[in-house]
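**Student:** Single-letter residue listing:
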Amino acid sequence: MSTSITHQRLAELVGGQLSQGDPEGLVTGLNSISEAGPGDVTFLGNDRYLGALRDTRATAVLVAPDFAESLENIALIRVDNPTLAFSSVIRHFGPPKREFHPGVHPTAVVSNSARFDPERVSIGPCAVIEDDVVIGDGTIIHAGVFIGHGSRLGSDCILHANCTVKDRTQMGDRVVIHSGSAIGTDGFGYEFIKGHHQKIEQVGIVQIDDDVEIGSCTTIDRARFGRTWIGKGTKIDNLVQIAHNVVIGQHSVIVSQVGISGSTKIGNYVTIAGQVGIAGHLEIGNQVTLLAKTGVTKSILEPGAYTGFPARPLMEGRRMLSAPAKIPEMLERIKTLEKKLAELEKKEQAPV
Amino acid sequence: MSTSITHQRLAELVGGQLSQGDPEGLVTGLNSISEAGPGDVTFLGNDRYLGALRDTRATAVLVAPDFAESLENIALIRVDNPTLAFSSVIRHFGPPKREFHPGVHPTAVVSNSARFDPERVSIGPCAVIEDDVVIGDGTIIHAGVFIGHGSRLGSDCILHANCTVKDRTQMGDRVVIHSGSAIGTDGFGYEFIKGHHQKIEQVGIVQIDDDVEIGSCTTIDRARFGRTWIGKGTKIDNLVQIAHNVVIGQHSVIVSQVGISGSTKIGNYVTIAGQVGIAGHLEIGNQVTLLAKTGVTKSILEPGAYTGFPARPLMEGRRMLSAPAKIPEMLERIKTLEKKLAELEKKEQAPV
Amino acid sequence: MSTSITHQRLAELVGGQLSQGDPEGLVTGLNSISEAGPGDVTFLGNDRYLGALRDTRATAVLVAPDFAESLENIALIRVDNPTLAFSSVIRHFGPPKREFHPGVHPTAVVSNSARFDPERVSIGPCAVIEDDVVIGDGTIIHAGVFIGHGSRLGSDCILHANCTVKDRTQMGDRVVIHSGSAIGTDGFGYEFIKGHHQKIEQVGIVQIDDDVEIGSCTTIDRARFGRTWIGKGTKIDNLVQIAHNVVIGQHSVIVSQVGISGSTKIGNYVTIAGQVGIAGHLEIGNQVTLLAKTGVTKSILEPGAYTGFPARPLMEGRRMLSAPAKIPEMLERIKTLEKKLAELEKKEQAPV
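Protein chains in written order, with the working numbering: chain A, 5 to 356; chain B, 5 to 356; chain C, 5 to 356.
A portion of the hints provided could be inaccurate.
Because identical chains share one entry, a pair is satisfied inside a single copy or across any pair of copies.
Unchecked claim - Think about it this way: if two alpha-carbon atoms lie no more than 25 Å apart in a straight line, the pair counts; the simulated SDA-like pairs of lysine to any residue are:
1. Lys-203 <-> Ala-283
2. Lys-330 <-> Pro-317
3. Lys-236 <-> Ala-309
4. Lys-302 <-> Pro-314
5. Lys-269 <-> Pro-42
6. Lys-302 <-> Gly-235
7. Lys-302 <-> Pro-332
8. Lys-339 <-> Asp-121
9. Lys-236 <-> Arg-124
10. Lys-101 <-> Val-114
11. Lys-203 <-> Leu-17
12. Lys-203 <-> Gly-142
13. Lys-236 <-> Gly-199
14. Lys-343 <-> Ala-329
15. Lys-198 <-> Gly-158
16. Lys-101 <-> Gln-202
17. Lys-269 <-> Tyr-194
Read the hints as simulated data drawn from the structure, not as lab findings.
Assemble the whole structure, with the sequences as input and the hints as a guide.
**Tutor:** Structure (structure tokens):
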């Protein structure tokens with residue numbers, strides 16, 4: 005994946021300034037700071053990597069406008085957001101976008117009652133589309149995908165190989181679902197009757213609004229009734245569990261291995277870090293951030309960051325997590341106090 | 005999904021009493037308290053929702069017999085178990101159950117040595133059934149399901165789209181497995197020899213007894229030898245890990261993202277909440293409940309609830325989780341004690 | 005699964021010594037200590053099971069050379085590593101290894117540009133092989149597997165039913181991937197711009213070196229650019245999340261439900277126990293062991309075992325986890341001190 009470009013043209017490509025290095029020097033590829041070699045351009049997206057940058061073998065690097073280090077033998081391109089700017093570098097050197105191939109693969113199994121324009125939709129090998137499914141233009145359904153009866157997919161969605169969408173799921177436009185995920189499966193609902201767990205029917209649906217992306221092997225259960233609802237622009241990582249009747253607002257971010265229990269409501273612009281667990285029937289307000297591994301047992305309505313189990317505001321939660329470290333020293337001080345006090349008491353009893 | 009019904013007939017349908025509202029008033033649909041609109045019936049399954057109930061736009065609500073709130077402009081139907089009773093409402097308004105379509109889809113790949121009655125079994129598109137598989141009557145195998153050689157499925161099982169059942173798995177009747185799950189994959193067993201992890205063959209099986217339901221993207225590994233065994237009536241949620249040679253008793257409930265390590269034995273009527281982890285070679289007795297995120301490192305034989313990491317009986321475990329909050333105040337008190345004591349000591353040394 | 009064998013021949017089979025029992029006694033099967041019955045051979049791999057061994061109904065048992073217990077009515081076979089030695093017993097009694105069936109199933113969908121020797125590769129029903137895929141001899145691709153364009157698989161790999169390998173993934177020899185896993189899906193990368201999460205293209209790859217085994221429903225994201233890299237001989241369990249640009253060294257072991265965040269670097273001979281979470285952009289050095297549920301927020305370079313959240317060296321971490329138990333007693337002692345001190349102070353103020 006290589007199309008060489010000069011430092012000068014690279015600076016123009018990313019909308020930055022070449023502040024050091026030969027304008028005619030050639031860049032032939034790209035890589036991370038530590039994996040880059042001669043000819044590669046890299047970027048400093050995180051000061052953590054300053055040390056690594058000093059040792060990089062890269063030929064050029066994108067840095068922030070206020071980058072103050074002095075580095076030798078490397079072309080410096082200053083740009084507002086090096087991480088984002090690097091996307092255009094990736095587009096330049098990266099693999100060509102695969103063009104869209106409309107049509108239905110002969111091995112796909114598509115119901116006659118499914119409605120879509122076969123010249124504007126792409127359905128891959130061994131995909132299965134059940135009755136009354138509606139698919140918008142520009143949507144790509146890859147190999148082995150299952151779409152249950154009565155589901156509606158908007159335009160320009162991408163369903164990656166071997167994901168499963170159960171019946172009556174409703175999707176907006178530009179929804180992306182990655183491989184292995186299961187959307188619209190039954191919620192986990194039982195009533196305990198005479199020593200048996202009797203299944204409570206789950207007849208609701210999953211609704212996924214525009215611009216939602218869902219990672220791989222993530223599970224989103226259908227509502228018991230009504231809907232499990234993922235709001236516009238929300239991004240969900242891999243191996244996330246979203247239980248029945250959960251409602252997630254808009255533009256929230258849910259990182260890998262998070263579990264959200266039934267009927268919990270998550271607001272807008274919420275960030276939930278990895279392995280967080282949230283109990284059922286709670287509310288998480290707008291702009292709340294939950295740090296990794298947090299366990300939430302009560303509703304959180306105040307915006308801000310929270311951590312720990314049970315969850316507490318960031319500073320308090322951090323103290324809680326580190327407090328036990330103080331205990332050995334506290335025990336020492338208590339012992340000393342007890343000794344001294346005993347001596348004082350002895351003196352007291354002693355006749356003057 | 006709407007077939008209107010009067011308040012009176014609805015009360016009869018759920019076996020309850022209409023204690024407020026016009027018997028001839030019409031209900032045209034159903035929804036949750038917060039999502040319900042005019043014409044909808046809802047239910048109060050959890051007092052958490054009393055507040056929401058006061059603001060609901062629902063036309064009717066199922067409540068417990070002892071419901072004491074006074075609500076206006078809503079029909080009240082009193083019934084013993086509103087949550088459960090609502091199931092018959094769902095059956096009334098919900099989508100029609102899809103009828104059973106027996107037969108083998110032409111794109112399914114079925115071994116000649118597989119044994120089942122093609123007029124009593126349903127096998128979907130692109131499903132793969134290997135040699136010597138036995139399938140009971142009334143069982144439905146959906147699209148893209150894989151059943152490995154020598155597996156036996158009982159009657160009236162449902163295997164949802166794109167789940168995988170490896171060779172020699174044994175299933176009872178009415179077993180349900182949801183999409184994306186992998187049953188009977190190799191256990192995670194290696195011996196470390198000369199700097200390499202050498203695979204220990206996993207030649208055992210998975211046995212799943214009657215009435216077990218397994219969620220989506222859940223993994224149950226085959227035994228090293230003998231069997232990994234899920235007892236009758238046990239229900240398992242999504243994204244659960246059950247390692248090789250684990251034995252789970254009857255009518256237990258295992259919530260999402262739980263991990264159970266190799267050879268651990270779980271009893272009957274056990275409840276394991278979300279994100280719990282249990283170490284290997286342990287025993288969890290009957291009627292034990294493990295709260296969310298609990299980490300179990302020792303066997304637990306006493307019935308009752310446990311929480312924390314390491315796991316402790318509920319009250320003790322809760323104290324453990326909250327105890328660190330007391331530390332700042334304890335430090336203050338220790339400091340004060342030290343100051344006062346120092347003063348006392350000074351006085352002591354002072355000449356009388 | 006039974007082919008009877010005498011105690012003497014069994015001892016020879018496992019390379020051990022028959023130190024008790026009739027050399028001509030017959031063994032007809034195998035099982036775990038607790039599940040074994042008459043005719044079965046079992047093994048003592050863990051002293052935890054000594055109690056169970058006294059009650060076992062097995063006919064013979066493999067024990068360590070220094071086994072000191074006296075047991076009656078059971079044949080004792082002493083061997084260096086009973087756990088490992090039992091593998092040859094399993095091979096003797098276990099199901100026959102299925103022979104390799106080369107060829108491409110007629111329902112598989114294979115691109116004309118894919119390169120492999122159809123007489124040396126096995127491709128199952130409904131598998132999909134895209135353009136320019138290269139497959140080494142002896143590799144088995146089971147039913148429903150998807151291999152994206154430009155991927156390279158080495159020799160003697162096994163891809164189990166319904167796993168997904170996205171485009172341009174690079175695999176060495178003898179790589180095993182279990183069912184439901186998704187390899188090479190997009191990394192979870194967005195930039196937050198004007199209230200929206202804008203996707204950062206993920207154009208890198210996943211590289212999996214020789215002898216790596218990956219469990220079921222595990223997700224490994226492709227790199228943003230460059231590669232997400234799993235080193236030679238590393239073994240990964242089920243439901244593990246490995247984010248974009250993670251690098252894992254050689255011969256490491258990653259247990260179920262572990263999450264490793266973006267760009268983190270794991271060394272060689274590292275062991276990561278179940279449900280551990282590791283933040284992004286960190287480094288975990290060689291021979292580090294992370295105990296179950298550990299939360300890692302800073303790099304760990306010193307070899308050794310760590311536990312807790314935040315992670316600490318084993319002994320310190322254990323103290324941290326248990327320290328809160330001391331708090332109630334500490335509070336008592338502080339109260340007593342305060343009482344006694346108050347009394348002393350009263351006496352002090354009292355006129356002499």
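**Student:** It remains to establish, for every hint, whether it holds in the given structure.
**Tutor:** Here is what the structure says about each hint:
Taking the shortest Cα distances, Lys-203 and Ala-283 sit within 25 Å of each other inside one copy (21 Å), while across copies they are farther apart (30 Å). In the homo-oligomer, the alpha carbons of Lys-330 and Pro-317 lie at most 25 Å apart both inside one protomer (20 Å) and across protomers (16 Å), since each shortest distance falls under that limit. Within a single copy, Lys-236 and Ala-309 get their C-alpha atoms as close as 22 Å, which meets the 25 Å cut-off; across copies the closest is 39 Å, which misses it. Within a single copy, Lys-302 and Pro-314 get their C-alpha atoms as close as 8 Å, and across copies as close as 22 Å, so both meet the 25 Å cut-off.
When the C-alpha separation of Lys-269 and Pro-42 is checked against a cutoff of 25 Å, the pair qualifies only between copies, where the shortest distance is 23 Å, while the shortest distance within a copy is 51 Å. For a Cα distance limit of 25 Å, the shortest separation of Lys-302 from Gly-235 inside one copy, 22 Å, qualifies, whereas the shortest one across copies, 34 Å, does not. Taking the closest pair of Cα atoms, Lys-302 and Pro-332 come within 25 Å of each other only across two copies (23 Å); inside a single copy the shortest separation is 31 Å, beyond that limit. Neither within a single protomer nor between protomers do Lys-339 and Asp-121 lie at most 25 Å apart by alpha-carbon distance, with minima of 81 Å and 77 Å respectively.
Taking the shortest alpha-carbon separations for Lys-236 and Arg-124, only the intra-copy value of 24 Å comes in at or below 25 Å, while the best inter-copy value is 44 Å. For the identical chains of this complex, Lys-101 and Val-114 are inter-copy neighbours only, at 21 Å across copies versus 27 Å inside a copy, given an alpha-carbon limit of 25 Å. Taking CA atoms no more than 25 Å apart as the test, Lys-203 paired with Leu-17 passes between copies only; the shortest distance there is 19 Å, against 58 Å inside one copy. In this assembly of identical chains, Lys-203 and Gly-142 lie within 25 Å of each other by CA distance solely across copies; the values are 19 Å between and 39 Å within a copy.
For the identical chains of this complex, Lys-236 and Gly-199 are inter-copy neighbours only, at 12 Å across copies versus 42 Å inside a copy, given an alpha-carbon limit of 25 Å. For the homomeric pair Lys-343 and Ala-329, the shortest alpha-carbon distances inside one copy (23 Å) and between copies (23 Å) are both at most 25 Å. Taking the closest pair of Cα atoms, Lys-198 and Gly-158 come within 25 Å of each other only across two copies (24 Å); inside a single copy the shortest separation is 45 Å, beyond that limit. In this homomeric assembly, Lys-101 and Gln-202 come within 25 Å of each other (Cα to Cα) only across copies, at 18 Å, whereas the closest approach inside a single copy is 50 Å.
Taking the shortest Cα distances, Lys-269 and Tyr-194 sit within 25 Å of each other both inside one copy (21 Å) and across copies (23 Å).
Hint 8 alone, counting from the list given before, is not met by this structure.
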